[in-house]
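Q: With the hints as extra help, turn the sequences into a complete structure.
Listed in order, the protein sequences are those of chains E and Z. Under the working numbering, the residue at position 97 of the first sequence is numbered 448, and the numbers go up by one with no gaps. Under the working numbering, the residue at position 281 of the second sequence is numbered 632, and the numbers go up by one with no gaps.
Every clue listed holds true.
For identical chains, the list gives no copy identity; a pair is met inside one copy or between any two copies.
Pairs of lysine-lysine, PhoX-like flavour, derived with a Cα cap of 20 Å:
{"no.": "1", "residue 1": "K395", "residue 2": "K509"}
{"no.": "2", "residue 1": "K363", "residue 2": "K682"}
{"no.": "3", "residue 1": "K463", "residue 2": "K751"}
None of these hints come from the bench; they were simulated from the model.
2 protein chains.
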Amino acid sequence: MRLRDELTAQGKAAREAAQILASLSAEIKNKVLAAMADELESRKDLIIAANRQDLTAGEQAGLSTALLDRLELNDRRISAMAQGLRELAALPDPVGEIVEMQRRPNGLMIGKMRVPLGVVGMIYEARPNVTIDAAGLCFKSGNAVILRGGSEAINSNKILVQAAVGVLERFGLPAAAIQLVSSTDREAVSILLGMHEYLDVLIPRGGAGLIQRVINEARVPVIQTGIGNCHIYVDQSADLDMALRIVDNAKTSRPGVCNAVETLLVHREQAAVFLPRLFALFEGRVELRGCPKARSILPQIKAADESDWHAEYLDYILAVKVVDSFEEAIKHINTYGTMHSEAIVTNDYSNSQRFLREVDAAAVYINASTRFTDGNQFGMGAEIGISTQKLHARGPMGLKELTTIKYVIYGQGQVRE
Amino acid sequence: MRLRDELTAQGKAAREAAQILASLSAEIKNKVLAAMADELESRKDLIIAANRQDLTAGEQAGLSTALLDRLELNDRRISAMAQGLRELAALPDPVGEIVEMQRRPNGLMIGKMRVPLGVVGMIYEARPNVTIDAAGLCFKSGNAVILRGGSEAINSNKILVQAAVGVLERFGLPAAAIQLVSSTDREAVSILLGMHEYLDVLIPRGGAGLIQRVINEARVPVIQTGIGNCHIYVDQSADLDMALRIVDNAKTSRPGVCNAVETLLVHREQAAVFLPRLFALFEGRVELRGCPKARSILPQIKAADESDWHAEYLDYILAVKVVDSFEEAIKHINTYGTMHSEAIVTNDYSNSQRFLREVDAAAVYINASTRFTDGNQFGMGAEIGISTQKLHARGPMGLKELTTIKYVIYGQGQVRE
Numbered sequence: 352m353r354l355r356d357e358l359t360a361q362g363k364a365a366r367e368a369a370q371i372l373a374s375l376s377a378e379i380k381n382k383v384l385a386a387m388a389d390e391l392e393s394r395k396d397l398i399i400a401a402n403r404q405d406l407t408a409g410e411q412a413g414l415s416t417a418l419l420d421r422l423e424l425n426d427r428r429i430s431a432m433a434q435g436l437r438e439l440a441a442l443p444d445p446v447g448e449i450v451e452m453q454r455r456p457n458g459l460m461i462g463k464m465r466v467p468l469g470v471v472g473m474i475y476e477a478r479p480n481v482t483i484d485a486a487g488l489c490f491k492s493g494n495a496v497i498l499r500g501g502s503e504a505i506n507s508n509k510i511l512v513q514a515a516v517g518v519l520e521r522f523g524l525p526a527a528a529i530q531l532v533s534s535t536d537r538e539a540v541s542i543l544l545g546m547h548e549y550l551d552v553l554i555p556r557g558g559a560g561l562i563q564r565v566i567n568e569a570r571v572p573v574i575q576t577g578i579g580n581c582h583i584y585v586d587q588s589a590d591l592d593m594a595l596r597i598v599d600n601a602k603t604s605r606p607g608v609c610n611a612v613e614t615l616l617v618h619r620e621q622a623a624v625f626l627p628r629l630f631a632l633f634e635g636r637v638e639l640r641g642c643p644k645a646r647s648i649l650p651q652i653k654a655a656d657e658s659d660w661h662a663e664y665l666d667y668i669l670a671v672k673v674v675d676s677f678e679e680a681i682k683h684i685n686t687y688g689t690m691h692s693e694a695i696v697t698n699d700y701s702n703s704q705r706f707l708r709e710v711d712a713a714a715v716y717i718n719a720s721t722r723f724t725d726g727n728q729f730g731m732g733a734e735i736g737i738s739t740q741k742l743h744a745r746g747p748m749g750l751k752e753l754t755t756i757k758y759v760i761y762g763q764g765q766v767r768e
Numbered sequence: 352m353r354l355r356d357e358l359t360a361q362g363k364a365a366r367e368a369a370q371i372l373a374s375l376s377a378e379i380k381n382k383v384l385a386a387m388a389d390e391l392e393s394r395k396d397l398i399i400a401a402n403r404q405d406l407t408a409g410e411q412a413g414l415s416t417a418l419l420d421r422l423e424l425n426d427r428r429i430s431a432m433a434q435g436l437r438e439l440a441a442l443p444d445p446v447g448e449i450v451e452m453q454r455r456p457n458g459l460m461i462g463k464m465r466v467p468l469g470v471v472g473m474i475y476e477a478r479p480n481v482t483i484d485a486a487g488l489c490f491k492s493g494n495a496v497i498l499r500g501g502s503e504a505i506n507s508n509k510i511l512v513q514a515a516v517g518v519l520e521r522f523g524l525p526a527a528a529i530q531l532v533s534s535t536d537r538e539a540v541s542i543l544l545g546m547h548e549y550l551d552v553l554i555p556r557g558g559a560g561l562i563q564r565v566i567n568e569a570r571v572p573v574i575q576t577g578i579g580n581c582h583i584y585v586d587q588s589a590d591l592d593m594a595l596r597i598v599d600n601a602k603t604s605r606p607g608v609c610n611a612v613e614t615l616l617v618h619r620e621q622a623a624v625f626l627p628r629l630f631a632l633f634e635g636r637v638e639l640r641g642c643p644k645a646r647s648i649l650p651q652i653k654a655a656d657e658s659d660w661h662a663e664y665l666d667y668i669l670a671v672k673v674v675d676s677f678e679e680a681i682k683h684i685n686t687y688g689t690m691h692s693e694a695i696v697t698n699d700y701s702n703s704q705r706f707l708r709e710v711d712a713a714a715v716y717i718n719a720s721t722r723f724t725d726g727n728q729f730g731m732g733a734e735i736g737i738s739t740q741k742l743h744a745r746g747p748m749g750l751k752e753l754t755t756i757k758y759v760i761y762g763q764g765q766v767r768e
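A: What follows is the structure, given as structure tokens:
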């Protein structure tokens, strides 16, 4: 019960802070972001020391090398966080913009004013840089934020939030604008998931287990992010050199991220030529797992089973399926995909257009790597996550996606007949 | 279990139908809508006979006159439904539009294509006209719909859906595009609320009890609609004639709807003149319930208590509070309002702008009646509901709000560095 009271108090304080944040000018917000960036850099040593505690505890707890790497903060990474805040300061402020103002026949002027969502909850895992990214994005978009990072990063997160809050206070702004859930108890997540009075939206960012828990338990509106079982389909008319470049990039440039490709679909007319070239390119780097037809061309690779079509490997593994037709490719993608990023390599005009229309995903590509699904690459600056759901925001979520609208109506005494 | 199987089968069929609907041309959709309109008119007698069964059962069950009135279909109302479908046919098709197409420095062309949500679930109460409105809006926006109307209207809803589905079949379209839940069991609602595999969004439309149940139980993304505890604030500088006209319109033109005013706030400097004029205007028509200050001016009115500030009367009752300042008015609205429609009557420029910015609601008015919050009045044609939440859609939801976007990316072989 004490934990619930504590979180409720944080929720209430966030609500109040949100009212003040909503009316801050871009000028103030940008100064605060710049000051936060300076603060992080000047506290570098303290941050690294706190992070060192997390790393030591993590090593003792037997975290994997990959997880420890995500957890680690060093000089370069702290500078990158600070740089991220400075870039946020340079982005246009979405709040207050009025769009689609129209004059109705009765003289009413009706427009949509962009306003903050209010209070954003973030639940994420071991990467402490998310703490500063999320705090910065929410602050710039006029939202209060309640952060619940992974328990492995608790010391790092505490000192990062402390630094940010110190700056808020120096500017006379409410500390509750950026709050960290200090308990690492799993129960805290359950409580947050039920706090619909205080949270306007909850954004989970992490593995499939976290996302699934949030979907099952949440009473708060949720934006699902980040699960990416992405496909590339090499069509009958594909330029095979281009296809190889794109598959290579989408698989190996950063296999641990959600926009990396996980399954390759190849038209049967191309398979006999393309698959041996792919095998040669990936030999010793990427494990291929194939359907029976793929293995009839590459008998040396492992067999893929049903679970491979569902898998988000996040690793140097690629499932390979030979399809008889364009339609079979689309059907496979719409069956097994997670509606994240899907690409076709083709030189057929009609197939390219059909692919765009018929594939149901946040980002659908013709002749480009799925790796571009990213706020920065899409020109919106930083992102708080990549939505794989259809409501409110789809694809990379930047500042604008952290706002909503309200209708503003200017009258001169109009009444309705 | 049989009911769950039945609904799951409906969900699956809706998913499949949605794929076909998503790629229909506006031309076909508009022809189908026009044919549905004709079909309703030609089946008028059958529809009225089925509705008569519902009315008889409702009378026997002791439904209130107001409910029976909402339930009733007659010649005029059926024509209005048909007319609604014809108007939908005349509206632009939102599906397929590509907006914000940009050319990135690397040559990628990135835009947002408007696409249907997929499968929409509607849970509503006794008004059978919602069945046709919702079916038409979902069809035009390329969505399949599963309708769960109030049990009181089951015979009316069945024959209306039958008529619509007959037209779908005549055009060779899947009957599952428009489905009615045939069970009137309450359990059906619980099952729908958990069907996140098959429903992309659920829109409850009805009283506070229904909305609350949906918020508590839903595993499916929900758009809350329609609870309206709306306020009008008569500012110190208000034109009192205008204020009277606006309050009269907002309270009495249709008191049973969500955009009717429920609480009046009056600045203390205006109260002594305004309240007696209001009392005279409303005498015998609208019951006033006042705060102590209001009753010191109008001792003959009832006292308002805390529950009155929360009440959505939907009736000829108005709560009245005298406030000491503009700030107190804003605070009252943001405390008790349901974020639907809020209005100020003022001639003070600075207060008018602050009201727009500081009041947190779907629609915020200066010098106009709250009754305008309506899809038609806002120029978007028909509406499927009025969202009082912040995610995805806020305010009246028309065709565009029944769509989402996907990013479409045209490349020439780009890979990410």
